[in-house]
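Chains as they are written, first to last, in this note's numbering: chain A, 78 to 423; chain B, 78 to 423; chain C, 78 to 423.
It is worth saying that the hints were derived from the structure and are not from the lab. Careful: at least some of the hints might be erroneous.
[Stated by the list, open to error] Derived DSSO-like pairs: lysine-lysine, alpha-carbon spacing no greater than 30 Å straight-line:
#1 B:Lys401 - C:Lys401
#2 B:Lys280 - C:Lys383
#3 C:Lys401 - A:Lys383
#4 C:Lys280 - A:Lys383
#5 A:Lys280 - B:Lys383
#6 B:Lys401 - C:Lys422
Bear in mind that the values here come from a model prediction, so they are computed numbers and not experimental data.
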Amino acid sequence: MSARLGELAALLGGELIGDPGAEVARIAPLESAGPDAISFLASARYQSQLAGSTAGCVIVAPALRDAAAARGAAIVCADPYLAFARLTQWWAARTRRAPEPGVDARAVVEEGALIDPQASVAALAHVARGARIAAGAVVGPLCQVGEGAVVGEGTVLKGRVTLADGCRIGARGLVHAGAVIGADGFGFAPVRGEGTEGGRWEKIAQLGAVVIGDDVEIGANTCIDRGALADTLVDDGVKIDNLVQVGHNVSIGAHTAIAGNVGIAGSAQIGRHCSIGGAACILGHLRIVDHVQITVATVVTRSILKPGLYSGAFPFDDNAAWEKNAATLRQLHALRERLRALERKA
Amino acid sequence: MSARLGELAALLGGELIGDPGAEVARIAPLESAGPDAISFLASARYQSQLAGSTAGCVIVAPALRDAAAARGAAIVCADPYLAFARLTQWWAARTRRAPEPGVDARAVVEEGALIDPQASVAALAHVARGARIAAGAVVGPLCQVGEGAVVGEGTVLKGRVTLADGCRIGARGLVHAGAVIGADGFGFAPVRGEGTEGGRWEKIAQLGAVVIGDDVEIGANTCIDRGALADTLVDDGVKIDNLVQVGHNVSIGAHTAIAGNVGIAGSAQIGRHCSIGGAACILGHLRIVDHVQITVATVVTRSILKPGLYSGAFPFDDNAAWEKNAATLRQLHALRERLRALERKA
Amino acid sequence: MSARLGELAALLGGELIGDPGAEVARIAPLESAGPDAISFLASARYQSQLAGSTAGCVIVAPALRDAAAARGAAIVCADPYLAFARLTQWWAARTRRAPEPGVDARAVVEEGALIDPQASVAALAHVARGARIAAGAVVGPLCQVGEGAVVGEGTVLKGRVTLADGCRIGARGLVHAGAVIGADGFGFAPVRGEGTEGGRWEKIAQLGAVVIGDDVEIGANTCIDRGALADTLVDDGVKIDNLVQVGHNVSIGAHTAIAGNVGIAGSAQIGRHCSIGGAACILGHLRIVDHVQITVATVVTRSILKPGLYSGAFPFDDNAAWEKNAATLRQLHALRERLRALERKA
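Next comes chain A alone, as it looks inside the complex (with noise of 0.2 Å):
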């Protein structure tokens, strides 16, 4: 496929410097993009990169104007980064194939489930009595929609997700590949006594579901645990990233992005506009307040009630240099104690 310039100016809302009628070919990074490539300079730090790229046209800054119009043509936009990600849903709408609307016939769809027309279900889904499927959502292949489940408007599950019995999903969503919404949440009373019951578990059914507002991505083998008696909730706008485990009666605010192999513990509160990194733990029944970052591979293990950048992973080391002070932090206390009596002391 190809694009005119002109054409993306106006898709993007920016000023063309340049031919309206050039045309390029792909989307690149800067340091890649040939003639037949628009790029993108996301911020001004970068603006050593400008000069010497044969992008056919670079998306810019206001403030890189005049720097660009000299090495060739570009699009200037109040937020370039911005500007690339429209670029890229438009350039996807225009070189993927929209699933076709109605239900295939290989689909397995159960008496009572209520497809709107405009919907698309795969061939190989299933979906259960009672669900409801909104209009232009799609429900790909393999994937199983379970009793009274609700897929909103324009919402896609991608294939091989699970949406469970009850779970809702607002509009405009996305869901991975190997997603599970609804999984019974890790709930367990244990039996006391000495008998041969004693130290077993009994299990708490699960008696809640997972709401998810609109807006909502989801990601590969991610899990969201349905609640033990509330809900879970998944407010408008939150992303999250894959393998994340999201446990039983979490509460998500809007716009919070969670990266991948997070796991965060039953009933703990996150607030908005938060970002957890990858592979960080947050424990049960604490509270996250909005504006919170957390850096990766951290473990929080008690509420966080100030916005703030938050961090806690142990630096890592060339071995040998590693196990000397692994070893040392094992006496760390007793250290403590040697100093205190040497100040003692002096």
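Here the structure of chain A is known, so what remains is to put chains B and C in place on it, guided by the hints.
For chains B and C alone, kept in the frame of chain A given last:
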């Protein structure tokens, strides 16, 4: 649905204080339970919440009998949390539709699979030759049961579960969506030498299987690998949360509970009645005795031969404090040496 | 099944000590191998176990030739562990049924997909238009192969695998259940400003794909994301365990092995012949050179430009000791300052 208090007291084997004909329509946490709900007080610690609750009925321990009676209807049980667990199960059984026995015409069942007439195999499930599905067992939509695999009596594989060739699960189990039981263990022999073959990995075919006992629950997208030569073993009553990795030839003792995102490397032996916190990591070929508790995110690098509580998470902090401490941590061994030098002088 | 020792010695290219007509019926670890089993001694370190073994035959290195001969039948191979690996493969090929070529009538294959007559597509698999499945390849039950995706010669997708649109895997690969190759990378541009739009995330459509070389194994429920603009790359001979997250535009060099629960953030470049321990975490946009080994649970926060062994796990301890040391760790920088003050005085 609704239930009369007399019926619930009989079910739970507790003493009813109040009108046996009074009805409740839901189970709710104490803080949000209204007059149409039954709730519970898991511990006397929460006694202060009791007086203010508007719950229609509260399950309490004998010690709180009088305090509860002063408030309104109550059911007195020796272990209110356990009673609550049993109540949720009864509630679920009353409100959820059980799958009907029989093989759906749109399931794929290969010749030579033995499906008990009282088992249920859903549409789009795939059951290979030689598999056996016992009475009361449920194979949900889009599940894959491999050749010669065995599903015990009353065990439920929710949708999109894989039970691979030759793997077995006992009675009354529950496996959530996306779980993979019996993928290959991660075993390779290095090819030595300097040529093009050198540094390659030669696969060790995984000839064992996975054998799972009775009353085991396995979470969504959890993986339990098949053994290399002998089998991987999960004993009775084990509860495993979501996104847990269990390597080949691991054995997990009865009634051990494992939280989400845990990784257990090959040939580790975990005892009975252990609990392993979320995102903990257990190295291979080591042994953990019975009644060991491991807290969240702990990396267990050697055997644990004494029951007790073990920890190892890095304490998180605001980023500035963490950076200072983490930087100093890299010099910790040197600090110790400096301290020692001072001590010698003093 | 059973195998004669003469046949096995020829297969492994080793010298047989003993009766070529003697038979073994299984492969077993040395400590549990009885007279009907063949076993192996991976290293001379285990020599003490040799004399007491009742194994029908033992594969040993030349250095142990005499010790093995004194005990009974043996096959002498230059690299017994590698010979064992090859023996398991041969055993598996002899005892497991290979899928028959052809497309099962209950598979869904869209028009325009190219399936080699020698490929096998199982019941309930979904292969989209434009996909190509090469000779000897196997698409297992409930797999999803996207539009234009390519499965190379002899590559096996076990059940419930997703290979998304346009993604390619080379020859002789093996992908385990639940793996998702080609879900969207996690890329969003923040929408700035104070209005209702401010703080939202705008999706960056992921226009790249995933390209995987030959002889690659990918574990159960592992995710490899498609690239944003360019492709995510996994080179020949790479082995990836279960529940691993590989972000968009990562590249992984040939013959690198990655254990379970690892997370690799976007655009990281991992070299050849590396090994990455379980639950390790590698940040985005950094570079790791060839022949780097990273131990379990290490968080790699900067590039590693020198081959070697790197570590970073917090040393675990019993809870009481850990609590003391962790609390002191929060004051570590202050301790250093106090030490410095003492040193100045001394």
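Outcome of the hint check:
A distance of roughly 19 Å separates the Cα atoms of lysine 401 of chain B and lysine 401 of chain C; the hinted pair therefore holds under the 30 Å criterion. Annotation: proposed proximity of lysine 280 of chain B to lysine 383 of chain C holds, straight-line Cα distance about 28 Å (limit 30 Å). The suggested pairing of lysine 401 of chain C with lysine 383 of chain A holds, with an alpha-carbon distance near 26 Å, which does not exceed 30 Å. For the given pair, lysine 280 of chain C sits about 28 Å from lysine 383 of chain A by alpha-carbon distance, which is consistent with the 30 Å threshold.
Proposed proximity of lysine 280 of chain A and lysine 383 of chain B is supported: the alpha carbons are some 28 Å apart, at most 30 Å. At most 30 Å may separate the alpha-carbon atoms for a hinted pair to count; lysine 401 of chain B and lysine 422 of chain C meet this at roughly 24 Å.
Consistency note: the structure conflicts with none of the earlier hints.
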